[in-house]
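Undergrad: Taking the hints as your guide, dock the two standalone chains into a single complex.
First to last, the protein sequences are chains L and F. In terms of our numbering, the first sequence opens at residue 1 and continues consecutively. In terms of our numbering, the second sequence opens at residue 1 and continues consecutively.
Just so you know, these hints were derived from the structure itself, not from any lab. Every residue gets a Cβ at the ideal spot worked out from N, C-alpha and C, and that includes glycine. Hints may be right or wrong, so weigh each one.
As the list claims (entries may be wrong) - Incomplete in silico selection of chain F near chain L, CB under 7 Å: (1) 190; (2) 191; (3) 265.
To be verified - Derived EDC-like pairs (lysine to aspartate or glutamate); straight-line CA-CA distance at most 20 Å: (4) 317(L) to 279(L); (5) 73(L) to 254(F); (6) 104(L) to 122(L); (7) 116(F) to 71(L); (8) 177(L) to 151(L); (9) 116(F) to 115(L); (10) 73(L) to 196(F); (11) 73(L) to 184(F); (12) 116(F) to 14(L); (13) 178(L) to 209(L); (14) 116(F) to 290(L).
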Amino acid sequence: MANLSLRQLIKRFDKTEVLHGISLDVEDGEFIVLVGPSGCGKSTTLRLIAGLEELTSGEIRIQDTVVNHLEPKDRNIAMVFQNYAIYPHMTVRRNIGFGLRTSKLSKVEKKARLEEVAAILDMTELLDRRPSQLSGGQRQRVAIGRAMVRDPAVFLFDEPLSNLDAQLRTQMRLEIKKLHQRVGNTIIFVTHDQVEAMTMADRIVIMKDGHILQVGTPSEVYHLPANTFVAQFIGAPSMNMLPARVSQGGVKLASGTVLDIDVPSTQDRNVILGVRPDDLHLTNDSALLEGPVTVREPLGAETLIYVDTGGDEVIAKVDGRHPPVVGQHVKLTASTEELHVFDARTGTAVI
Amino acid sequence: MLPETTVVKATSDTLLKAEKQKRPANMGQIIRWLLLFAGGILMVLPITYMISTSLKWPHEIYNLALIPEEPHLENYTYVLEDGRFYGWFINSLIIAMITTVSNILFDSLVGYTLCKFRFPGRYIVFIAILSTLMIPTEMLVIPWYLMSQAFGWLDTHWGIMFPGLMTAFGTFLMKQFFETVPDDFIEAARIDGLNELQIWWSIAMPLVRPALAALAIFVFLGNWTAFIWPLIVTNSVEMYTLPVGLSSFGDEADVQWELIMTGAAISTIPTLVVFLVFQRFIIRGVVMAGLKG
Ligand SMILES: Nc1ncnc2c1ncn2[C@@H]1O[C@H](COP(=O)(O)OP(=O)(O)OP(=O)(O)O)[C@@H](O)[C@H]1O
Ligand SMILES: [Mg+2]
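Chain F with its partners taken away, still in its complex shape (with noise of 0.2 Å):
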């Protein structure tokens, strides 16, 4: 809401101005305009030569040239006749699907109980989530593999999204959100007799959705295009989630671009889907966000 006051306000100041002077005020138009036509572009830059490439044949794929000089569709008849891509898809659809799940109920649940209860430690366990949030994904992997290789969950579906279940951003983001729910409507819902849980589930998650949306699309894009540790933790082609079939398309010798281009724009599919469905409350929820700090 605010940033949209904002500009409003800043346009109609503009205009005011604009009619005592009216170069100075249209040249800072300009100049912004032009600065983000430029973020935009660079922005649009990848995804179009991601899919151009996909129109294109093997000879052409290292002519930069953003229009493909005979376009064709064989690269995508080729992808999706290819059964290991189906499977690919499945697997990152399964994982991506469940770790979102698992994230919105469980990240908000404990975000919920370190937010409105007060217990001893509570603070402790909370800096502790927070510091996990320093330790970067690269050095986690080999006791992610350990663990793996320990529990017999190497190559395995559960294997794959473990490590995602539960993240510590989604926690902190969820306390924050529910920092915003009045304790007042906890009592009264105490008050009618309902149980912690169900006072969590019915009224506290009802009132942050545009943080559950927010945290739905972070966690699904996170896990749908995660790549190291699929990578590490899958041995058999049928495994792999997408990004990493993608990236086994063509052998050593050869890596054959235009398939994996191909195979990562359909890709890009179901997180427009996740995008659209939620978008209207991503858009809140980042606004909010900001304005939580």
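Isolated chain L (complex conformation) (with noise of 0.2 Å):
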């Protein structure tokens, strides 16, 4: 049974239609991350499932209620801000208590749940505090506690992480995944961090300018990328691109290095090659890849290395230990079933 099923949806602001036909089926329980550059309308399509936003035309279901016309508090969500958006003036406990407003609980029954909620995210002595006398970690806490004590079917986080600094950012993360496991909501989570994503989602949606362009596994998404956008979104350093043309026995490069890969043969003589950096190995037989290294970037366990390999620069990641140093001339190769054959006109993926 679907949890949460968005039909085509279609958001217009005035005249600008900035979601062109979004549809996604999400399975109770699962972690879903919406990914995609500024202004893809990652939070348009959140707001428009809490009902923040009217829809111009589609279908949200929530538990196979169509909730279209309802308004956000009967939709069974709760929704966790960027900026947190707890209430200064109110102490923690009123905050996560106001989650439960319309809650037909009793008040002993309330009080218990936030009494576990508070327990769960290790906030039983802050229950007091006001929002001004906690560090940001914890008022994003606070803010899940509000959204958590209601028990919804769909949580909602729009870039909660974004307003901390790193090393809480991976911690929360961290925070997040176990609560998930631990209370097993369905979660819609956005950001636009591909780490969050990859690190986070059970499945990841990559979004641009308002379309889905993928929606896959962590794994999917990185091995099987759809099209030269997920491709690069997806991965740091992004994936490297070759121009290359399909020919006779396989994928010619610029370098006239020919490849063998079976391109179906239907398919425009003009493609991209696509190699990731971690799939790109120092050989000293023959090369896929081969030039003077130009820029070294240490990373510690690895090093980055960039490669002049005749008008395109690709960028390889090799062990730390021994990097090649700047100029030395190197091979680089990687193994066929690593390499992604993109259509250069449409950008699709072609095997």
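TA: Next up, the structure:
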């Protein structure tokens, strides 16, 4: 049973259409992450689900109820905002209790529920503080608590970690993931950080310009990107993209190297060959790519090297202990199954 | 906050400079202090005269000496024993309090609506409200009078206060302050199940408390000291407000300044109370209003 289902969502602000038909089915208990560049419509999608924005056309179902015309409070959802939006003039207790306003629980049950949530979030001692007396991470936890007490069918998170510093962000990321494993509610999580997306999601939804480009598990979108945009958006540093042509017996790079890859015969001659920096290795034998190292970026365990392959610069991730020096001529190779071929015109994956 | 830090910074800068070249910095300091002092004297002088006159006998009120020849409290006894004074005081208090509460409620309701809701004509309504700020009270007095006459409001409390129950200025002020309340709070409250009126009252209003305090002081003082309209709309001595009543002390031939000044001195007490109660908010409010433009 789908817990949340979006059917052909279209959203227009005045005359500009910002969502062009978003469809998605979310299973009960799934952790879905929406990623995409700024302005691609992630927040708008989330706000449509929450009922904070009116749908232009399409249908939203939550637990098999069409909620298009329901008020936010009647949709059985809870939302955590980017800047927390916890009420500064109320104590933590009242803030969290606010999430229970519309619930039908008795007073005693409400109190028990509030304390249970505070315990899960490790906030029992903070209940009588005011938001101004809390750190950023604690505030975010209060916001999550307010959403949690309601035990909603769907949790909506809109970039909840982007106001936190890097270390705290990593920590909260883990906490949210643990929380999800513990409470098991469906989560829709918006971020434009692909690392957050990869580490947290059961399935990732990659959006661009109001369209969904690909939906899949972190492994699927990493290993089988549907198009050049997804290929470059997921993974850091980005996938190397090299212009190539389809020729007899495979794909021919600008450098003249011919790769033994089967491409459907219907394929246009112009393609793009994609290879991740992580998949390129140094070699002494026949090279896929070769050239002098122009820049070195040590990352510790690994080092990024930028290699000038005669026109195209590629990035490779090599062992950090004995990286080649700048100016050294290196040969790079990759196994055929790590190579991606995209149509040069449309950008869609060919194989 | 901002001015304070600038001042601190300025003084520390001056101190640093002073170590190198003591004289010029000190001269600047002295001139600044003198200017502030002069300004202070200018503001305090009328109040000092008010109090000084209230302690004088009638024969010396045109003697401008600050210290009365024979200070005495007879004027206070007279004013406080004169039954009319209490009535006026109560009238003023009722009117100032009701208008204050009314302004706080309705100015912020309208300001909130104009600020946080998108509806057709919203901009036109806002401009219309703003443009009424350009019309001086003196011009409005005649239409108000005709209105009061038609509705039978002349010489009633309602007649005195109805023009001030809402103000364009207050609406504008509140709209500007509600801009500082992030929409996320309002949306979070919507998800939490509050209706729009509850969101306004229990989320937005507490967040603009400084503005409400500032508005309360402006409105209270404005109505407490209002003179022209109460003078026109009232007829009977019992309906007078304090400023109108005080000005009526004495007959046409002989204005009893010492009594008027005594009444005025007493009537500043409630304004002091209001100010003391709200001052910790208003100072912040003025700073914020300044920053927001
Ligand atoms: N209230 C609005 N009125 C008009 N246009 C809007 C409104 N809200 C969003 N948009 C437009 O819709 C598009 C999608 O916005 P949205 O906020 O959903 O992007 P996003 O993916 O959340 O981006 P970000 O990562 O920056 O938060 C943007 O082009 C934006 O300008
Ligand atoms: Mg957004």
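Undergrad: Starting from the hint list further up, note which numbers the structure goes against and sort them upward.
TA: Violated hints (numbers, rising): 3, 5, 6, 9, 13 and 14; every other hint is consistent with the structure.
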